[in-house]
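Novice: So the chains spell out like this:
Number of protein chains: 2
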Amino acid sequence: MGIDVQKRNIGLNFNENGSADIRVWAPLAKQVSVSIIASGITLEMFNEDYGYWCLQTDKIKPFEEYNFKIEQLTGGEVIERADPASLFQADGPHGPSNAFDLRNFLWTDQQWEGIELKDFIIYELHTGTFTPQGDFDAVEKKLDHLVALGITAIEIMPVAQFPGSRNWGYDGVFPFAVQNSYGGPAALQHLVNTCHAKGLAVILDVVYNHIGPEGNCFADFGRYFTDKYHTPWGQAINFDDAGSDAVRDFYIENALMWFRDFHIDALRLDAVHAIKDLSPVHILAEIKTYTEKLSMFTGKTYTLIVELDLNDDRFIRAQKTHGYGMDAQWIDEFHHALRVCAGQEQEGYYADFNRVEDLAKSYRDAYVYDGQYSPHREKKFGIPVEDTQGHKFVVFSQNHDQVGNRMLGERGATLVSFEMLKVMAAAVFCSPFLPLIFMGEEWAESNPFQFFINHSDQKLIEAVREGRKKEFSAFHHKGEVPNPQDESTFKRSKLDWQKLDQPLHQGMLAYYMTLIALRKQNEVLSNLDRKNVNAKAYPVKNCLLLKRWKGNQNIIVLFNFSKQQQNLSIDVELQGWTVLLDSSSIIWHGLKEDTNLISVNGEISLFPESILILFKKDV
Amino acid sequence: MGIDVQKRNIGLNFNENGSADIRVWAPLAKQVSVSIIASGITLEMFNEDYGYWCLQTDKIKPFEEYNFKIEQLTGGEVIERADPASLFQADGPHGPSNAFDLRNFLWTDQQWEGIELKDFIIYELHTGTFTPQGDFDAVEKKLDHLVALGITAIEIMPVAQFPGSRNWGYDGVFPFAVQNSYGGPAALQHLVNTCHAKGLAVILDVVYNHIGPEGNCFADFGRYFTDKYHTPWGQAINFDDAGSDAVRDFYIENALMWFRDFHIDALRLDAVHAIKDLSPVHILAEIKTYTEKLSMFTGKTYTLIVELDLNDDRFIRAQKTHGYGMDAQWIDEFHHALRVCAGQEQEGYYADFNRVEDLAKSYRDAYVYDGQYSPHREKKFGIPVEDTQGHKFVVFSQNHDQVGNRMLGERGATLVSFEMLKVMAAAVFCSPFLPLIFMGEEWAESNPFQFFINHSDQKLIEAVREGRKKEFSAFHHKGEVPNPQDESTFKRSKLDWQKLDQPLHQGMLAYYMTLIALRKQNEVLSNLDRKNVNAKAYPVKNCLLLKRWKGNQNIIVLFNFSKQQQNLSIDVELQGWTVLLDSSSIIWHGLKEDTNLISVNGEISLFPESILILFKKDV
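Same order as they appear, the protein sequences are chains U and P. The first sequence begins at 1 in the numbering used here and counts up by one. The second sequence begins at 620 in the numbering used here and counts up by one.
To be clear, the hints were calculated from the coordinates, so they are not data collected in a lab. Backbone N, C-alpha and C fix where the C-beta goes; we use that ideal spot for every residue, glycine too. Among the hints, a few may not be true.
Said to hold, decoys possible - Quick partial rundown of chain U residues pointing at chain P, CB under 10 Å, derived from the structure:
(1) Ala242
(2) Gly243
(3) Asp245
(4) Pro280
(5) Asp312
(6) Asp313
(7) Thr321
(8) Gly371
(9) Phe381
(10) Ser456
(11) Gln458
(12) Lys459
(13) Leu460
(14) Glu462
Stated by the list, open to error - Heads up, simulated DSSO-like pairs for lysine-lysine below, C-alpha to C-alpha not over 27 Å straight-line:
(15) U:Lys469 x P:Lys939
(16) P:Lys737 x P:Lys939
(17) P:Lys847 x U:Lys30
Required output: the full structure, derived from the provided sequences and hints.
Specialist: Below, the structure is given as structure tokens:
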């Protein structure tokens, strides 16, 4: 049917004159009809090319509910199903679709010019646990906190309709429908509009690698899945097998919708290594092409960021060099190396990471593994990155996965010392990469972020619980795996904003604000050219020296991950350097009374678990 | 362990001093030993890094038999297995390995300079059915016939050891061992040496996408297979999962061995679309890299040709543009379009091909599908080719698959008229691509080439037979599917060289010789730059006009695929053209008494089922 970047061409969409265009892909059907719930009317649709069914009608009004009735070619009963491209499932995945009118919202962000990718300071939040209320309205009320912190982009964990009201979002089953319990699509539009008014970009996490297990009726419509590949989460989405054109278009339409109709600035595409596509044009490259077409139409910039566990720069290379053209990727390896420096035991996937040496490698080369043998993966892994732009990479010391995929979902604040938290934060903000923090990190939130679900299928609930238990067999943990289905698991995972009344938490917040402000103001720290970066490891002392420069300006960051005071000899003349930030200073609740450089016999003395940021301008 | 292009570094290899280096990958083993059959000695091997076991010993002499004894980490009985990298299985896949000495053969081809890829005229042969004897010695005796025909490269269907003595070769289970019933490795070395003496290059068909079902003990050694992907022939080879380094090295060593130790000029890699590898460096690209390294070492040129069903030029693009660097690929689509022009019913995969229009497309663009919707594949298929070098593509009107994968294995000679055979041959030899013919085609052999096996596993025999029956459900055929296991199926598939005594067959042979000679001698026909090609279809008349040029020389080839005489108006001034070849001339047993151009009212008149090759030099 082809994609028109100017408007959604699938599902139910209202025209200027108030009539609705309805279109659905159902190549297995003998007949498809639209059933309008309120009026009880059923309208037969017309068969188009390539298995699409369509109808233009004025019999359905905005916000009325509808379903599709499908009579399959193979016979059997007529089945009634919600619209795979539904915009709103007011009663959840098991209810009918709502004829939401995307054009209803009055946008006031016409002046919004966006944030350049290199200036992204990302705050990842989960709508349900970010606030006590757990919806988009409540997120809006906290935006001022984020603005004050210095955040430039919020990243919202997936909002596609999932079963129940408690879920990380990766079990979404209606990729176009915004979660009812969060406030649905209207509230998301409102949130984005408000973000833009406050100068915040919005990144939306979207899941194109699988469809959630409960309420998933896609197979009744067409070949959305393929058995050619296996994924950890069940059937692989069909991006390259027979019937894949419609599936590809479905996801391209989805990406375009968020940008065009919700004014989302960037998508974070979940686990794209699990998107298996051996077509000559990878689905990500095709999404990029259409995103650029939309950009030509709207004049706005749209950004595509991928979560990627492959150390393969074909994802982030430009299409002219036969890459997929993604703007940036996450690098978990930076996190893993950093956590091991900070005392994380080298078990499970952490076994691959060798403390400061690997952190230094990541500062220099982004990928830690770029061809070496990985013991955990049991094979050589990765290739070197061609691109030297640091804004191609997103780094973090915590994120929803790294916190929540621990058995008990412990945040950094309950795993390492207060001082070490500051060291880890500095490691992220002083990097030549895009920093991301996970909600609550900025005040050393100690509540856990655990894995929670709210399914209604009892077998599935048990399977998820068993899967969770199995997952932690490689790690040595004390205690029981929390029950994901229990509401208490969800409640326990909410942020506790009242901690901000306490001086210690206020101190951490001030520290984060200072780090962010420093990164923004300092030309060296905001220069993300990786050619202007070097790093040296001191493995015995568990220390690291990070050097960055731009023109005649220089930054040195000294990290002491050990619990001892360490004296480091560095190959830099010590005279003339200014201390920009000292994490062990009493102003951040540390033990050091002033922020002067302590030099002992020509070596720099570093407090236990501390960092120092030094600055010098050459003359 | 790393690959040394100068020598084989896996399996059993003799050193200069007569001792043997033995190395095997068995990461699941607690202990691996070598059992020397004749002397009854068992020698414990040493555990190296990455699960390799090795031993240097003078206890085994060239051509003695041996096995590995494996005690697994998981316990259980000690199992005895042949060497996965065995060079010779004198008693077939179920017997022990033979300590073949690769260096034993006295090569006399030091002066061999190879054939440039663009000059390849390829003759595909199956060793078992090419001659009555069915072995390499017998192939050698027929080389003079091929030289006289004008062939420059023979392509030998796979010779890796398979079960029994009758098999196309795609059920090979010892990728390094040369089929015992063909004469084993010594006879292959001898054949290649003789080919080079006669000026023939040798292409060897190798299978890197699966391992045959009978006698396959690879899983006892290590993770040679992965469940991440599905293939039509069982488990996918593990090129990117845990443990894949050793598997990749195994196949790289294999490619290098054929070039280095058997003096093979080119490999034809079977069905590489079924090699699933999502590593940053595809296994084909890595094979290319090592092949180039070997080339630096020996000073010889080695060519990699792939069978590919993907219309994705990343396989044939250079590595500097992030391609896999393969030198050429097969294009079945040219064949399919040509066969449909020649009257093949549009059923099964032929349904995608629209006679002369698609043949003209293939002449112009190589790929027929370069982004269009393919009804048979039920999706958009392919991308345009960037490269304009015609020698990137191998074309044919018949090959082992296109003949043998018909239910009855009918060759062209029993499906179309004698005149149409000549038209199809001209379509291939006048193309700007590399021509390939299938053994016997040159004299219009009418014996079938059917699918045959000689397994010993009864269940497998039945499964193959059932699979064969199922495969033909999409085609309308009369008669029974021949039983692949029956020896008569094999015998019936042998060439009948006695037909060459008959004038009709002699005539076809002369026609092929003339076509090949013309292609070699004429500068336009041997110019494979696709920028100098155009083609126009006459759909109603089922005719086609092919134009080629180089400098001031021009060739026109006119094809009439219809059974009627056709008059064509062409956009070329008719004066000054010479007829180079007329397929309907009586000299090729046609009906036309002379070879002059017949012009009727300014239109060219074409005999039914005929071609005309015209030449003109501009002044």
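Novice: State for each hint whether it applies.
Specialist: Okay, the hints, checked on the actual structure:
1. Ala242: 4 Å, holds
2. Gly243: 5 Å, holds
3. Asp245: At 5 Å from the nearest chain P Cβ, U:Asp245 passes the 10 Å test, so the hint holds.
4. Pro280: Holds. Min distance 4 Å.
5. Asp312: 4 Å, holds
6. Asp313: 8 Å, holds
7. Thr321: 6 Å, holds
8. Gly371: 9 Å, holds
9. Phe381: Constraint on U:Phe381 satisfied, holds at 9 Å.
10. Ser456: 31 Å, violated
11. Gln458: 29 Å, violated
12. Lys459: Violated. Min distance 24 Å.
13. Leu460: Where the cut-off is 10 Å and the nearest Cβ of chain P is about 23 Å from U:Leu460, the hint is violated.
14. Glu462: The hint is violated - U:Glu462 has no Cβ within 10 Å of chain P, the shortest such distance being about 24 Å.
15. U:Lys469 x P:Lys939: 46 Å, violated
16. P:Lys737 x P:Lys939: Roughly 21 Å between the alpha carbons, so the hint for P:Lys737 and P:Lys939 holds.
17. P:Lys847 x U:Lys30: 35 Å, violated
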